[in-house]
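Student: Those protein sequence lines, which keep their order, are chains C and B. Remember, our numbering sits 433 above the position in the first sequence when you count from 1. Remember, our numbering sits 433 above the position in the second sequence when you count from 1.
Bear in mind the hints are in silico, worked out from the structure with no lab data behind them. Heads up, a few of these hints could be off.
Any copy, or any two copies together, can satisfy a pair, since identical chains are not distinguished.
Stated by the list, open to error - Restricting the straight-line Cα-Cα distance to at most 30 angstroms, the calculated cross-link-like pairs of lysine-lysine (DSS-like) are:
id: 1; residue 1: LYS506; residue 2: LYS742
id: 2; residue 1: LYS506; residue 2: LYS441
id: 3; residue 1: LYS506; residue 2: LYS452
id: 4; residue 1: LYS770; residue 2: LYS760
id: 5; residue 1: LYS785; residue 2: LYS506
id: 6; residue 1: LYS467; residue 2: LYS506
id: 7; residue 1: LYS441; residue 2: LYS669
id: 8; residue 1: LYS467; residue 2: LYS496
id: 9; residue 1: LYS496; residue 2: LYS734
id: 10; residue 1: LYS770; residue 2: LYS578
id: 11; residue 1: LYS506; residue 2: LYS484
id: 12; residue 1: LYS784; residue 2: LYS506
id: 13; residue 1: LYS728; residue 2: LYS496
Because the structure is a prediction, the values reported are computed rather than measured.
The residues making up each chain are set out below.
There are 2 protein chains.
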Amino acid sequence: MNISEKTKTLLAGSSVIRKLFEEGREMAAVVGEKNVYDFSLGNPFVSPPKKVKESILRLVDEKEPGYLHGYMKNAGYDEVRSAVAESLNRRFEMHYQPNNIIMTVGAAGGLTCIFSSLLNPDDEVVCFAPYFGEYRSYVMNFYGKLVVVPADTRDFQPNLEELDSLIHEKTKVLLINNPNNPSGVIYSRESLIRLQEILEQAERRIGHAICVVSDEPYRELAYDGAEVPYMPKYIKNCIVCYSFSKSLSLPGERIGYMAISPDIESCQEIEDALIVSNRALGYINAPSLFQLVVKDCLEEKVNVDIYDKNRRLLYESLTAMGFTCVKPQGAFYMLVKSPVANEQDFVNEGKKHHIIMVSTSSFGCPGYVRLAYCIPYETIERSLPAFQKLAETYFNE
Amino acid sequence: MNISEKTKTLLAGSSVIRKLFEEGREMAAVVGEKNVYDFSLGNPFVSPPKKVKESILRLVDEKEPGYLHGYMKNAGYDEVRSAVAESLNRRFEMHYQPNNIIMTVGAAGGLTCIFSSLLNPDDEVVCFAPYFGEYRSYVMNFYGKLVVVPADTRDFQPNLEELDSLIHEKTKVLLINNPNNPSGVIYSRESLIRLQEILEQAERRIGHAICVVSDEPYRELAYDGAEVPYMPKYIKNCIVCYSFSKSLSLPGERIGYMAISPDIESCQEIEDALIVSNRALGYINAPSLFQLVVKDCLEEKVNVDIYDKNRRLLYESLTAMGFTCVKPQGAFYMLVKSPVANEQDFVNEGKKHHIIMVSTSSFGCPGYVRLAYCIPYETIERSLPAFQKLAETYFNE
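Chain C extracted, bound-state conformation (with noise of 0.2 angstroms):
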């Protein structure tokens, strides 16, 4: 029995991961479980705020199981979407109304809806590197082309110079990830004003719109008080996919949003595509339990400080041990400059510290290694003589 090309790809493409995860374990299975700092995942570790628990047992406790439990609308729970519009509307100033709003099964269901929804076979989907690896998969799910702009790793915003000339006819949407996945950069209001007006420009000149979907699930995940801009008040054309696997640590439930714009062209006819997709790739409804839940939860988020804490501690451990490190405003991951052209080396010399370090290569941007640094904060502190060792390889010669 033969597994269909795309998988095939799809497969040779997963091992990576896997075989770093896995050689993890085995080093963990060698040296002791506290002696391996694994820097490898992206999975939140903080506590869900308290009132996630008590929501769940209200309306266990209130609600008629049939509501509870069934289904609904294939775009949610209307007091789901109202609520969700509401509170978008107060914190942004925007003016969604509840049908601008689909639940989805995390902000990957909905990407993988977006897609669906506007794909023909070899259209293409514009990101700015470095960019969060899946995005290749969802894009290949429907024969669709994933053009990556290179990083501008002078500070890592949007390399705006390059994007026009990556814009062409078959280019449908533009995808972006802030704050991003791997960089903890946040793309700033002055990145996004003038990514608008290369749009406008690109649009005339291919003859029809662009799809801007901006994939925040990091953004109440930001830190010394910096703002990340709401995009649809500088994009015209946005859909927003949400997430609040990290927000209220419940990544598991698979529970999120798309908020369309009511300015983006033809919106009622996006709207219904994204429902019908919705319905179509067997997704049926985002769970429902979870629905309702986040609806009790829209204002709360997790203890953000425990990151904050951890970010710091590895910035600036870091950096003072001689790294060159891209300063994470954003979600909890830090790049750190490979100090050798082959940032393939660097990780395997980390691996004889017993540090797991991603390779930037599978985020469009090779030269640097990902932390992610949403582990307990005794593992960081624990992992720094071993960073000092690695430091010491390259820099006190």
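Since chain C is already given, all that's left is putting chain B on it; use the hints.
Tutor: Showing chain B alone in chain C's frame:
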């Protein structure tokens, strides 16, 4: 902004059912909710077993939130996969290993993973009419082609006589729904034994194995002591897609699994492909809390007597009035033969009496209507005078 060609087709097809539903709503606004007899939707209405609520409360109380709501392997929690395998092995004398079980976002999520994993564009999925209309969308997502074996309207068993001639080199999957939606018929052991013989012959002829996918959301809804044969006991290359939507009345929670026969050709590769598809399609994993809830409730099911009582009332009343009905053995649907050649005329005539029935043309089997009897007994009782008037249109002249 243009939506994809595929999505245009989906939208055109989906409007039929929505229109029917909206007509019912409009009707209710005019003549009153109680005077509309809506048999259109297959929405479970019996309460979940008590243990569902107990399990949620216990889990929320006892488990670490990082475990309860966190990421696990894309295939699901190990403890859940083990429990499902054990339960199937015990109930059906199978020999599943935990890694043969992949938890999915409902049965529809499993079907979508399978089609993405196996189909190259233009590959064919064969199914027996009448078939669940959404199958067409699931296959279309990946540019596959649904090939329909015409119904055997003598007994609504799978039409094995016409199957062989529809299997070609492009045939990758045979998709079976048992108990069947819309007919309510259970495919017999004899049918499945003969099916395996035909498949073996066909596989030799076309030179590759065919994956038989058994979509079984209605497995637990069987009446009069009828046995639903366990497909993998008779069919070698079989994947079962199961959902707890009907057995536990949890359709909104999107929880199910795939059970991959340990005997399937290229078992390991198929499993790997399905797991990577589960991730790449944005499901990532089945919702975490409800994975653990269904683990607690594997031996539970809703009170099927409620559906059975509806079934008997409807079947006995309508046949007594002169309608020709297909006696349902499982699920919660019944087919009624249209008394006139074009069943759309029958549907329209029904509306005059405020009876909402679904034409079976969209199930690949014109000439009938489907009645979904998952509605209150009282509604069926109240509908009988309306059905009597409808019968008089045709049988008393």
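Student: If a hint holds in the structure, say so; if it does not, say that too.
Tutor: Structure-based check of all given hints:
no. : hint             : in the structure
1   : LYS506 to LYS742 : between (42 angstroms within a copy, 28 angstroms between copies)
2   : LYS506 to LYS441 : between (35 angstroms within a copy, 20 angstroms between copies)
3   : LYS506 to LYS452 : between (41 angstroms within a copy, 14 angstroms between copies)
4   : LYS770 to LYS760 : within (11 angstroms within a copy, 70 angstroms between copies)
5   : LYS785 to LYS506 : between (53 angstroms within a copy, 27 angstroms between copies)
6   : LYS467 to LYS506 : between (48 angstroms within a copy, 22 angstroms between copies)
7   : LYS441 to LYS669 : between (37 angstroms within a copy, 23 angstroms between copies)
8   : LYS467 to LYS496 : between (45 angstroms within a copy, 23 angstroms between copies)
9   : LYS496 to LYS734 : both (24 angstroms within a copy, 20 angstroms between copies)
10  : LYS770 to LYS578 : within (28 angstroms within a copy, 48 angstroms between copies)
11  : LYS506 to LYS484 : both (26 angstroms within a copy, 26 angstroms between copies)
12  : LYS784 to LYS506 : between (49 angstroms within a copy, 23 angstroms between copies)
13  : LYS728 to LYS496 : both (14 angstroms within a copy, 23 angstroms between copies)
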